[in-house]
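Chemist: Residue numbers (our numbering), protein chains in the order written: chain V, 1 to 478; chain A, 479 to 722.
Just so you know, these hints were derived from the structure itself, not from any lab.
A couple of the hints might just be wrong.
[To be verified] Only pairs whose alpha carbons sit at most 30 Å apart, straight line, appear in this in silico BS3-like list of lysine-lysine:
hint, chain 1, residue 1, chain 2, residue 2
1, A, 492, A, 534
2, V, 108, A, 590
3, A, 503, V, 451
4, V, 467, A, 715
5, V, 467, A, 585
6, A, 700, V, 467
7, V, 451, A, 492
8, A, 700, V, 396
9, A, 488, V, 451
10, V, 107, V, 143
11, V, 70, V, 27
12, A, 669, A, 715
13, A, 715, A, 590
14, V, 467, A, 669
15, A, 669, A, 492
16, A, 538, A, 488
17, A, 555, A, 534
18, A, 555, A, 590
19, A, 503, V, 13
20, V, 422, A, 492
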Amino acid sequence: MKTEDLKNSKEYKYGFTTDIENIRAPKGLNEETIKFISNIKKEPKWMLDWRLKAYNRLKVLKEPDWQKPKYPKINYQDLYYYSAPKSSSEKPKSLDDIDPKILETYKKLGIPLDEQKRLNGIAVDAVFDSVSVATTFKDELTKKGIIFCSISEAIQKHPDLVKKYLGSVIPLSDHYFATLNSAVFTDGSFVYIPPNTRCPMELSTYFRINASETGQFERTLIIADKGSYVSYLEGCTAPMRDENQLHAANVELIALDDAEIKYSTVQNWYPGDENGRGGIYNFVTKRGACRGKNSKISWTQVETGSAITWKYPSCILQGDNSVGEFYSIAITNNHQKADTGTKMIHLGKNTKSKIISKGISAGKADNMYRGLVQIKNKASNSRNYTQCDSLLMGNKCGAHTIPYIKNNNSTSTIEHEATTTKINEEQLYYCNQRGLDQEEAVSLIVNGFCKEVLQQLPMEFAVEAQKLVAISLEGSVG
Amino acid sequence: MLNIKNLEAKVDNKHILNGLNLDIKPGEVHAIMGPNGSGKSTLANVLSGKNGYETKGEIKYNGENLSELSTEERAQKGIFLAFQYPLEIPGVNTNVFLRTSLNSVRKARGEKELDTLNFLKIVKEKSSELGIDEKFLSRQLNVGFSGGEKKKNEILQMKILQPKLSILDETDSGLDIDALRIVADGVNSYKNKENAFLIITHYQRLLDYIKPDFIHVLSKGKIVKTGNADLGVELEKTGYANFI
Ligand SMILES: Nc1ncnc2c1ncn2[C@@H]1O[C@H](COP(=O)(O)OP(=O)(O)OP(=O)(O)O)[C@@H](O)[C@H]1O
Ligand SMILES: [Mg+2]
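Chain V on its own, in the form it takes in the complex (with noise of 0.2 Å):
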């Protein structure tokens, strides 16, 4: 089946293609790839040192598999690990300078770039495959000192703090897809907030995948000084094809004393067609950082798309008094496959962590629920409470629910609370008799069970995540 076929299906309106002459790096993973990402990005010699030395490290290292859903081998020397808009192999200066395409790219994912249109109160990056397009409401960010900028270019601006805090939260060598994201990431969002400062808009990026053959190694980093606050969110397509793409990100966040991140998902890459063909492979470490006393970390995530999902958004509450919270929407349709969840590990004193996950699995899709709790024994007074509700559809889904808790200090507790339910009838029926069709009472019942995590994301994204759900599940009853 060609990409042509796909676009007939109705369900996935991001999965048009952009027809655009790219730049990439030669076929397959090895030293020269690397060299060649580093030297197109101008890169400093201690970035490639780094990256090799996670080069090294990773030809010792073996591809996990423990988690639920399996893959067919992927061929890393099959694949390219860079590939950028030809136009934008200078960054460009000013919106004129991207490609109109590009931005007619955008505008078509309802981003758009242009001054005059720009999302209200939001700052936007960019990300077309490889590369930063475009970062809005700079200047605005740069009075207060806020940096937020393409990962590339903080590495050339702003060396002190990537060198600082790169790889401090997720080590090079932390496990397998991790370390090859840090040989071969190629771009992402970097956000630095001063102390005491409160970012006036919401940060945002956004990511797209164009080219194909290609994999996405997206790297975002996000420090968050004393006493400041940010509230950050990514969105993601990709266009659908018939073949995997791979897109396996880090991310690190860092709170130190007193300073709050938010940091809000919503993923809606391609998710194969039906038939299970095609469709993007998510596999992505994201872990945060409580670092001083009093900081607070909340991850919230909607994952509607990809083929499989496989992310353990964490949070290390080092700091005293530190929070940890994780809420996450999980629908499966289908033949997606999602294995998530998030590890909440306590090592300062009366730290606190919440987590709230819900799944919902239709079609033949299976949805995991994954996740560590633990208490180390001089995290005196913490506390955890975790809630799991799963959600099916039919008959051929699966749900499953493994938390995993580890508790060395008498004075804390944990908490769980696990359901599994399917979907009520006697429920889609009191709407059917109210004049709701099948799939407006479904979106009803399912948002209504997703409630207490949609009303983490902010505002402007809500809206859009009630939508997003409803067509998730397009055609999974009746």
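Dock chain A with the ligands against chain V, hints included.
Modeler: Relative to chain V, chain A with the ligands alone:
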């Protein structure tokens, strides 16, 4: 408006309705009484199109064959069922539900969808008529509502959706004396020449407020007796023994 001929209904091979006949004309109020388990709720569900029943016979609604319409199409064409046990839908704001519902019905009727402002105006008016505190409407649908509050909420929905045929399944059960009066007033104020009611009840006291044109006694899935408003008073005294 509604013509039922020889209606039979089975669930899991159990016969529940066994050749039921009923005609309802616009402007009429019909009451159905009958022992527990006689098939009253089943009749209501079959009329509103609940899945899972195997039916025989004929149901015509304004000339259309009901069995060809989906549940939501029937609702959109003006059939409303006030549930004996209204459902709770966690996480769904009552106002949002009411508005989604009203707009689906309006869309089907070819009317314009209402924006929040206009919708709230309607809700405000109707809920104050029923003595429903507006605070209820920002709560999750029916979640934690008392039995009586749920029933009142059903009547509120009826008044908002403006159906042609309203089927009330034991809406009076669980209502306190004042609420019963309010609900009855709600029905009476909505009653007109164009719409009709099918009221399922166990108690004459509701029929003191809402005067039915006909009372039917349902037993073992069949109407075994039809009379006027006086029949209710008689049943109250003698019970069903004489009719079944
Ligand atoms: N899904 C079902 N499976 C098996 N039996 C059923 C089912 N639904 C209803 N019945 C049976 O059909 C009969 C009629 O039920 P129905 O609810 O219509 O009674 P009713 O007249 O409304 O009673 P009540 O006055 O108690 O509300 C009962 O015996 C009930 O147990
Ligand atoms: Mg009943």
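Chemist: Can the restraint linking residue 108(V) and residue 590(A) be considered satisfied, given a maximum Cα separation of 30 Å?
Modeler: Holds - the C-alpha atoms of residue 590(A) and residue 108(V) are around 28 Å apart, at most 30 Å.
Chemist: Check the hint pairing residue 70(V) with residue 27(V) against an upper bound of 30 Å on the C-alpha distance.
Modeler: Holds: residue 70(V) and residue 27(V) sit about 25 Å apart, inside 30 Å.
Chemist: Sort out whether residue 590(A) lies within 30 Å of residue 715(A), counting only the CA atoms.
Modeler: 51 Å, violated
Chemist: Take a quick look at whether residue 503(A) and residue 13(V) sit within 30 Å of each other, Cα to Cα.
Modeler: Measuring from Cα to Cα gives roughly 48 Å; hence the hint is violated.
Chemist: Are residue 451(V) and residue 492(A) close enough, with their CA atoms no more than 30 Å apart?
Modeler: Violated, at about 40 Å.
Chemist: Does the alpha-carbon distance linking residue 467(V) and residue 669(A) stay inside the 30 Å limit?
Modeler: Distance ~38 Å between residue 467(V) and residue 669(A) Cα, so the pair is violated.
Chemist: Would the hint linking residue 669(A) and residue 492(A) be met if the CA-CA limit is 30 Å?
Modeler: 36 Å, violated
Chemist: Straight-line Cα separation of residue 107(V) and residue 143(V) no greater than 30 Å?
Modeler: 28 Å, holds
Chemist: Hinted pair, alpha-carbon criterion (30 Å max): residue 555(A), residue 534(A). Please report holds or violated.
Modeler: Judged against 30 Å, a Cα distance of about 22 Å means the pair holds.
Chemist: Within a Cα-Cα threshold of 30 Å, do residue 488(A) and residue 451(V) meet the stated pairing?
Modeler: Distance of about 38 Å is beyond 30 Å: violated.
Chemist: Is the straight-line distance between the alpha-carbon of residue 467(V) and that of residue 715(A) 30 Å or less?
Modeler: 57 Å, violated
Chemist: Given the hinted pair residue 555(A) and residue 590(A), is their Cα-Cα distance within 30 Å?
Modeler: Judged against 30 Å, a Cα distance of about 16 Å means the pair holds.
Of the numbered hints stated above, those contradicted by the structure are hints 3, 4, 6, 7, 8, 9, 13, 14, 15, 19, listed in ascending order.
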